[in-house]
Amino acid sequence: MARQKHKSKEIEEVLQYAEQNGWIVEVHNKSKSHAWGVMKCQNNDTNCWNGIYCSTSVWSTPKNTMNHAKQLKRIVDKCIYKEDK
Amino acid sequence: MKEFDFELIFKLADGKQDSSEYLDALFENGCDDATISAGQLGMISLSFTREALNASEAIESAISDVKKAIPSVKLVEASPDIVSISDISSILGHSRQYTRKLFNSDTTSLPAPIHIGNPSIWHLSEVLNWLKSIGKQESRINENLFELSYITKQINIKRQLEACK
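Line order of the protein sequences matches chains A and B.
Anchor point for the first sequence: position 46 equals 46 in the numbering used here, and the numbering is continuous, going up by one each time.
Anchor point for the second sequence: position 61 equals 1061 in the numbering used here, and the numbering is continuous, going up by one each time.
Chain A on its own, in the form it takes in the complex:
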């Protein structure tokens, strides 16, 4: 089943970009949480920035949607497994 889409177009676009680059997007079911979900890199390699970015939270309503989308994209782009590197 297809996952639920993020209601921000900018964030949803980055999540799809992350998925194209081998990340998995998990949507939380807790409606009370500020965290909408999480994007996880399947390689989960400690040699890549100590593995710290391999699991990154996605806010439901960040202070600034564009900035959050930009930060998420930056994290996908610095992954050592990203193909065009």
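Hints are computed from structural coordinates only; laboratory data are not their basis.
Treat the hints with care, as some may be off.
To be verified - Listing some non-contacts, in silico: residues in chain A with all C-beta distances to chain B over 12 Å:
1. A2
2. Q16
3. E19
4. V25
5. V27
6. K32
7. K40
8. P62
9. K70
10. D77
To be verified - Chain A regions said to be covered by chain B (calculated; three or more residues, Cβ under 8 Å):
11. 4-11
12. 51-57
13. 63-69
From the three backbone atoms N, C-alpha and C, an ideal C-beta is built for every residue, glycine too.
Mind docking chain B on chain A? Use the hints.
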């Protein structure tokens, strides 16, 4: 107001390994302008885009917001500060070859690295000041980055000195 892009990495000191339970606390204490990563157990990274009057206010308020949410955290690193040639290239937006060429062009005035190795590393603010002094890349360097890298350097050095106590 100016906008600052920076990152803070903390260690969770209370032995709790899963930081996901802190997410709501971080959000509610003002970190709703940060993207939070916790792929490594016991560590947490916050990538901020924060509006403030100056870099010092941006970073100090961010550290204080995180400590309000998770009192037991210890700062590990503030970035951008400690950088390799590869990091400098992506910050300035050009190729590694070009940065290497720049670094080789004036080795007498080039700031000494803080670590000589493969790769060697520098403090970003020293490299930026050097580039400015030799008249290179000035237009590519955002004025906020000068301010920011000066503050992150101070914070990281202070943190290292505290570790000696």
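Verification of the supplied hints:
{"no.": "1", "hint": "A2", "result": "24 Å, holds"}
{"no.": "2", "hint": "Q16", "result": "17 Å, holds"}
{"no.": "3", "hint": "E19", "result": "17 Å, holds"}
{"no.": "4", "hint": "V25", "result": "14 Å, holds"}
{"no.": "5", "hint": "V27", "result": "14 Å, holds"}
{"no.": "6", "hint": "K32", "result": "8 Å, violated"}
{"no.": "7", "hint": "K40", "result": "8 Å, violated"}
{"no.": "8", "hint": "P62", "result": "6 Å, violated"}
{"no.": "9", "hint": "K70", "result": "7 Å, violated"}
{"no.": "10", "hint": "D77", "result": "9 Å, violated"}
{"no.": "11", "hint": "4-11", "result": "violated (count 0)"}
{"no.": "12", "hint": "51-57", "result": "holds (count 7)"}
{"no.": "13", "hint": "63-69", "result": "holds (count 4)"}
Taken one by one, the earlier hints fail for this structure at numbers 6, 7, 8, 9, 10, 11, listed in ascending order.
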